[in-house]
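S.K.: Residue-level listing of the chains:
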Amino acid sequence: MSKIFITGIGVISAIGNSVAENHEALKAGVCGIKKELDLFPSKYKGLMPFGQVPISNESLQNKLQVKEPGVTRTSMLALHAFNEAVRCSGITADDISSPETALIGANTVGGMCLTDELYHDANTSEAGSEYTHSYDCASVNLFLQKHNKMQGVINTINTACSSSANAIMYGAMLMQHGFAKRAIVGGTDSLAKFTINGFNALHILSSDLCTPFDESRKGLNLGEGAAFLVLEKEEDLNGKKVYAELTGYCNANDAYHPSSLSDEGDGPYLAMQGALKIADLTADKIDFINAHGTATENNDEVESRAMVRLFGTPPVFASTKGNIGHTLGAAGAIEAVYSILSLLNQEVYPSLHFKNAISSTGLIPVLEYKQMPVNHVMSNSFGFGGNCSSLIFSKA
Amino acid sequence: MYIHKIYCISPQQDPLQADIECINEPVDKKLLAVEPSYEHIPPGVLRRMGKSIRMGVGTALPLLDKINPVDGIIIGSANAGLDECVKFLIQIVDYDEGQLTPGNFVQSTGNVIAGQLGLISKNKGYNITHMHQGLAFENAVIDAIMQLNTNPAHSYLLGGVDEISPFHYNIETLNGAYKKEDISNKEIYQSNTPGCLPGEGAAMFVVSADKDAAIAKIKAIQTIHTDDVELVKQQLQLFLEKNNQDSDEIDLFISGENGDTRTLPFYEACETLLNTDTTVLRFKHLCGEYATASAIGLWYACQILQTQEIPPHLFKKNQQKKRTGIF
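Chains A and B, in that order, are what the protein sequence lines are. In terms of the working numbering, the first sequence is numbered consecutively and its last residue is 396. In terms of the working numbering, the second sequence is numbered consecutively and its last residue is 327.
Simulated from the structure, these hints should not be mistaken for laboratory data. A hint or two may mislead.
Pair by pair, the computed Cβ-Cβ distance ranges are [as the list claims (entries may be wrong)]:
(1) Ile90(B) / Glu235(A): 34 to 40 Å
(2) Val229(B) / Glu235(A): 33 to 39 Å
(3) His257(A) / Lys217(B): 51 to 57 Å
(4) Gly46(A) / Val229(B): 51 to 57 Å
(5) Glu235(A) / Gln222(B): 18 to 24 Å
(6) Gln17(B) / His257(A): 50 to 56 Å
DSBU-like cross-link-like pairs, simulated, lysine-lysine; straight-line CA separation at most 35 Å [to be verified]:
(7) Lys87(B) / Lys218(A)
(8) Lys34(A) / Lys218(A)
(9) Lys122(B) / Lys51(B)
(10) Lys211(B) / Lys181(A)
(11) Lys181(A) / Lys217(B)
(12) Lys242(B) / Lys233(A)
(13) Lys211(B) / Lys149(A)
(14) Lys240(A) / Lys34(A)
Ideal Cβ placement from N, Cα and C applies to all residues, glycine included.
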């Protein structure tokens, strides 16, 4: 099997429009979650905090030179991160449009950020809006494909909140099994009235800043953003700069409940264990865990328990949900970029808003920025439908 | 990759109905699936399932063996959950973001079929949903091949499912996807008009690397997404050169032709690359068109390989050629 390296990264989130801006904000412990919501009218505006990317749709259109109608915010956030990742990797336009370059993207809301337009188009028999081709999840990647004249394997993956971890895994596998020479992989999601009301109906949205792994956590904050990674094989590197190696990945199912994890956390446990096996690492070799840590009562307790079950004493861990909120289908990819930043800079970033440890496990996330040797990082993503995935990135 | 078990739900009572006079026709311009009584699904659970979940779970459960469980679940579905999405959206609008019930929201996630199957069959293995429109099932096939290359002792449930939901139908109608005229599926290939006839269904397979007693082998797969006919031709040519060195090997070409004049040139271009005596079949008059109809196309291929019988109304070209059963 070829070794898979990350040669380019791109990210946009509530704490920055680029890898460099995100990096500075993580180091400084910046929280981008605010009681502001400018994207669409909603009852929850001003009442609940959101991790909104502070750029309007018009600015994104101008910045990205998007001139065609029907392009959603979800797609523009994706293009923003995609552009940075390919610029960073130095791959050429010819490389991107080669039939050997795969595009694997993930998202969960697609064009449903346009809640009111979709409501109209699903029910009208007269003229539809400009967005009738843009609602489904695949529309995002079709836009990226067309924009970049791509011809290789293209796919859209949806495993709810673990979607983009699986996009990264699928891209790597395509390369290892001869379906692609390189892959551009990632995820995106934008804030939507749809998800705000959905998570609120489940009573897992917090009206205050989310507090991952805190004993009195009250739920998650929704965020938005996108991240993309360029994956290339060891034999194709020709001495170019690499950011990290993708050494482990695993997808497992908790098979317990449509929207919550089992007490035992079999899904998270199996995903983490499987990723170690693929990476051929023992648990003690993991220096840092970028936890899923959504700050829901269910996730953080189960994830903590699964970490204890696998690691005994878990390594240093943190959640970045307190910086940017839960970005759903983008989370796995954004946190992959954050994990890679830890490896590149030999440092870990503070997990925000934590006060007291969960009593049953007593686990405390990393609370201060610190430099330390980081050789292997595990990144967890768990989603509805019991879909649990873990990735391992290693120092290149 | 070898296919060991197959099952499907389609708009036909008998999915490969021999007599064209007996095939179900569209109702209100839609070829709706003939759903079974779903005796494998507990009634309380069944009541809460949307149609695509019901069809997906109902097609999969008869294949899932408690003694030899599969090691993972790989589903392709372009629009699973979309109907539930719009139902939840209607709640949001009708109740002005008030106190909403989360049932529709939980069922609206695209991975709902694979998730439900994992839950019902207590399967903790690999579980994934590919949602890339017309290539959703093809990506699921590629995924299964890669999983089996990595884990040759495993077996996987592989499937494709999509429904005609009222809302998706409405949006696709606005997009001009469907035929405007009322037309029988028996005359679909002679229509000479743009648009297809919408259909729905589910097809599921148990696949493994074990060739003993297999129904069929998937030897190779390639996908391309383009609106350039020449590029399709070029890629298919390369695919055939790579995987079919003995050009006599292909007896049957199962075409996705669907009566839409806009896509016909793509299928015709593919036919030009085949031997002149290769038999060409069409099946979309039976199941209609939907994003994962290729899954039922694969079901037809398996069924034909198994029974060595082809209903006459499927033939487009070379009905008389002696068939050897190698597809």
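S.K.: Each hint needs a verdict: does it hold in this structure or not?
M.R.: Quick rundown of the hints versus the structure:
Hint check: Ile90(B) to Glu235(A), Cβ distance near 53 Å, so the stated range 34 to 40 Å is violated. Taking the beta carbon of each, Val229(B) and Glu235(A) are about 35 Å apart, inside 33 to 39 Å as hinted. Judged by the Cβ atoms, the range 51 to 57 Å given for His257(A) and Lys217(B) is violated: they are separated by roughly 38 Å. Taken as a hint, the range 51 to 57 Å holds for the pair Gly46(A) and Val229(B), whose Cβ atoms sit roughly 53 Å apart.
The hint said 18 to 24 Å for the Cβ distance between Glu235(A) and Gln222(B), and at roughly 22 Å that hint holds. The hinted window of 50 to 56 Å between Gln17(B) and His257(A) is violated, with their beta carbons roughly 41 Å apart. For the suggested pair Lys87(B) and Lys218(A), the alpha carbons sit about 28 Å apart, so the restraint of at most 35 Å is met. A hinted pair counts as satisfied when its Cα atoms are at most 35 Å apart, and Lys34(A) with Lys218(A) qualifies at roughly 16 Å.
Between Lys122(B) and Lys51(B) the alpha-carbon distance is near 22 Å, which keeps this suggested pair within the 35 Å criterion. Under the criterion of a C-alpha separation no larger than 35 Å, the hint pairing Lys211(B) with Lys181(A) is consistent with the structure, at around 29 Å. At roughly 25 Å between alpha-carbon atoms, Lys181(A) and Lys217(B) fall within 35 Å of each other, so this suggested pair holds. A threshold of 35 Å between alpha carbons decides the hint, and for Lys242(B) with Lys233(A) the separation of about 23 Å falls inside it, so the pair holds.
At roughly 40 Å between alpha-carbon atoms, Lys211(B) and Lys149(A) are farther apart than 35 Å, so this suggested pair is violated. Distance check on the hinted pair: Lys240(A) and Lys34(A) sit about 40 Å apart at the alpha-carbon level, beyond 35 Å; violated.
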